[in-house]
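**Q** Using the sequences and the accompanying hints, generate a full structural model.
Protein chains: 2
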Amino acid sequence: MASRQIPVHISQQFDKELNDLRANVLTMGGLVEDHLNRALTALSNEDFEAAEYVATHDYKVNAFEVEIDEECSRILLKRQPAAGDLRLVLAVSKTITDLERVGDEVEKVGRMALDLMGSDSPKSYYVGILAMGFHVKKMLHDVLDAFARMDSQAAFQVAQQDPQVDEENDAIMRHLITYMMEDPRSISQVLNAVLAVRAFERIGDHANNIGEYIIYFVEGKDVRHTSLQDIEQELKLSSKRT
Amino acid sequence: MASRQIPVHISQQFDKELNDLRANVLTMGGLVEDHLNRALTALSNEDFEAAEYVATHDYKVNAFEVEIDEECSRILLKRQPAAGDLRLVLAVSKTITDLERVGDEVEKVGRMALDLMGSDSPKSYYVGILAMGFHVKKMLHDVLDAFARMDSQAAFQVAQQDPQVDEENDAIMRHLITYMMEDPRSISQVLNAVLAVRAFERIGDHANNIGEYIIYFVEGKDVRHTSLQDIEQELKLSSKRT
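Chains as they are written, first to last, in my numbering: chain E, 1 to 242; chain S, 1001 to 1242.
If you're looking for bench data, these hints aren't it; they were derived computationally from the structure. Ideal Cβ placement from N, Cα and C applies to all residues, glycine included. One or more hints might be untrue.
Just so you have them, the derived chain S footprint on chain E, three or more residues with Cβ under 8 Å [as the list claims (entries may be wrong)]:
1. 33 to 44
2. 176 to 185
3. 191 to 202
Computed footprint of chain S on chain E; a stretch qualifies when at least three of its residues, placed anywhere within it, have a C-beta under 8 Å from a C-beta of chain S [what the hints assert, rightly or not]:
4. 16 to 28
5. 73 to 81
6. 218 to 229
30 Å max Cα-Cα, derived BS3-like pairs, lysine-lysine [what the hints assert, rightly or not]:
7. Lys1108/S / Lys78/E
8. Lys1221/S / Lys1240/S
9. Lys1236/S / Lys60/E
10. Lys1016/S / Lys221/E
11. Lys108/E / Lys1221/S
12. Lys236/E / Lys1138/S
13. Lys1108/S / Lys138/E
14. Lys1137/S / Lys108/E
15. Lys137/E / Lys1138/S
16. Lys1221/S / Lys60/E
17. Lys78/E / Lys1078/S
18. Lys1060/S / Lys78/E
19. Lys1078/S / Lys1138/S
20. Lys221/E / Lys1060/S
21. Lys108/E / Lys1078/S
**A** Next up, the structure:
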């Protein structure tokens, strides 16, 4: 099965609770996406206000994590969910941990953007960083979209991009090393760029993790630490069964 | 209350399941600690075998994560735990995610150690990295010990070390930047050291997170994103209540 609707329960109230839970994850995801957009604007336009906003507003993301986790505990306690409902609550609980950590990485990018702006080192190495930033931004967007539709095929599409992000990362790192060697005075600044690249790589990893939780919920199978080929095979078998 | 025993249940089988769950987390934690020890040996003794072992054995840690998470789902489904039991299962589910990510960081350190060994750049910058590595190794050990005893005060002691790790990180980074500026040919190698330092910093963060889950289980209060002062206050109030 490629996507899954929340089953209708005898208790309409329980349905509402599960729907609200999903909606809250998407609101949290939207907030994290907004921060990532601002971080990219900060880097591309040297926008001081955007960078400062991102560096100081992560508390909003954190508050969502605590609130949604409380809601998960409350549902587990009150509803004692089984099967797909239990998997949904567990997938949500893991997803928000990854979203919170995306928030942490974006906050770091904001702080690095502030540091980079204060310097007069050449900015042409921004280009590669930004390309990677826009790539992981799209991954985050796509995986949240897959979450909204609980679409395991769309979640798998995101996971498939992980090797590509790794390649981009290696290419940019080589580029940044060349920069530092050519102009050793820029090392301290370029190191900020190195750490921004690492932060983007992490964001890609987290998007990948969220994709795996979606597949766990939809397919009932834990695909963490499973090769892309094996996941693809699993999804094919699953679509034949339905 | 500073520590908490698992309450005795009418079902001895359920008691056994919860005890096994905790024991499995400690076994997984012991494995991660073993890998971290090997990574530090690899760096301090230029021990190729230790580095290669660490760079290729993370799959063992991953397998534990999947197995323990399945056990958590099974207990939630079959036992529908309440209160402290539910908090225990949720704390375990979060703890193993952090342990798995410590495993990822240690694997990276192993790969970096392999890269560093292949080079002829000066090794004196190892000293600072190693000091930080031994510090976060102790944090991981202490937090696993706090988990074994479910001791929220001991968990808080670990969390208190986080600012110190950040300071160490900043000092080592300045040191490494100086190295790179003095010898630009070493940049590519020293960058491996920079990323090893980042990996150690992360391991400290994960130990801190695990400490917060222990406090959540013991005190019934989510202290993530709470200042050290506020957590300390909470623990003082709690110990007065008991």
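**Q** Against each hint, give a clear statement of whether it holds in the structure.
**A** Outcome of the hint check:
Counting residues of the stretch 33 to 44 of chain E whose CB lies closer than 8 Å to any CB of chain S gives 0, which falls below the minimum of 3, so the coverage claim is violated. Counting residues of the stretch 176 to 185 of chain E whose CB lies closer than 8 Å to any CB of chain S gives 5, so the stated coverage by that chain holds, three being the minimum. For the stretch 191 to 202 of chain E, the stated coverage by chain S holds: 4 residues have a C-beta nearer than 8 Å to a C-beta of that chain, and at least 3 were required. For the stretch 16 to 28 of chain E, the assignment as covered by chain S is violated, since 0 residues bring a beta-carbon within under 8 Å of that chain's beta-carbons and 3 are needed.
With 4 residues having a Cβ less than 8 Å from any Cβ of chain S, the stretch 73 to 81 of chain E passes the three-residue criterion, so the hint holds. Under the rule that three or more residues need a Cβ within less than 8 Å of chain S, the assignment of the stretch 218 to 229 of chain E holds, with 3 such residues. Proximity of Lys1108/S to Lys78/E is assessed by CA-CA distance (about 42 Å); at most 30 Å being required, the pair is judged violated. Our distance criterion of 30 Å between C-alpha atoms is met by Lys1221/S and Lys1240/S, whose separation comes to about 16 Å.
About 28 Å separates the Cα atoms of Lys1236/S and Lys60/E, which keeps this hinted pair within 30 Å; it holds. Using a Cα cut-off of 30 Å, the hinted pair Lys1016/S and Lys221/E holds, with the two alpha carbons roughly 26 Å apart. Our distance criterion of 30 Å between C-alpha atoms is met by Lys108/E and Lys1221/S, whose separation comes to about 27 Å. Using a Cα cut-off of 30 Å, the hinted pair Lys236/E and Lys1138/S is violated, with the two alpha carbons roughly 46 Å apart.
A C-alpha spacing of about 26 Å is found between Lys1108/S and Lys138/E, which places the hinted pair at or below 30 Å, so the restraint holds. Taken as a hint, the Lys1137/S and Lys108/E pair is honoured in the structure, with Cα atoms around 24 Å apart against an allowance of 30 Å. The suggested pairing of Lys137/E with Lys1138/S is violated, with an alpha-carbon distance near 36 Å, which exceeds 30 Å. Pair hint Lys1221/S plus Lys60/E holds up; C-alpha atoms about 19 Å apart against a cutoff of 30 Å.
As the CA atoms of Lys78/E and Lys1078/S are separated by approximately 15 Å, the hinted pair is consistent with the 30 Å bound. Straight-line distance between C-alpha atoms of Lys1060/S and Lys78/E comes to about 36 Å, which puts the hinted pair past the 30 Å bound. Restraint check for Lys1078/S and Lys1138/S: not satisfied, since their Cα atoms lie roughly 37 Å apart, outside the 30 Å limit. Taking the CA atoms of Lys221/E and Lys1060/S, the gap is about 19 Å. The hint holds against a cut of 30 Å.
Simply put, Lys108/E and Lys1078/S have alpha-carbon atoms about 42 Å apart, too far for the 30 Å limit, and the pair is violated.
Checked against the numbered hints above, the structure violates hints 1, 4, 7, 12, 15, 18, 19 and 21; every other hint is satisfied.
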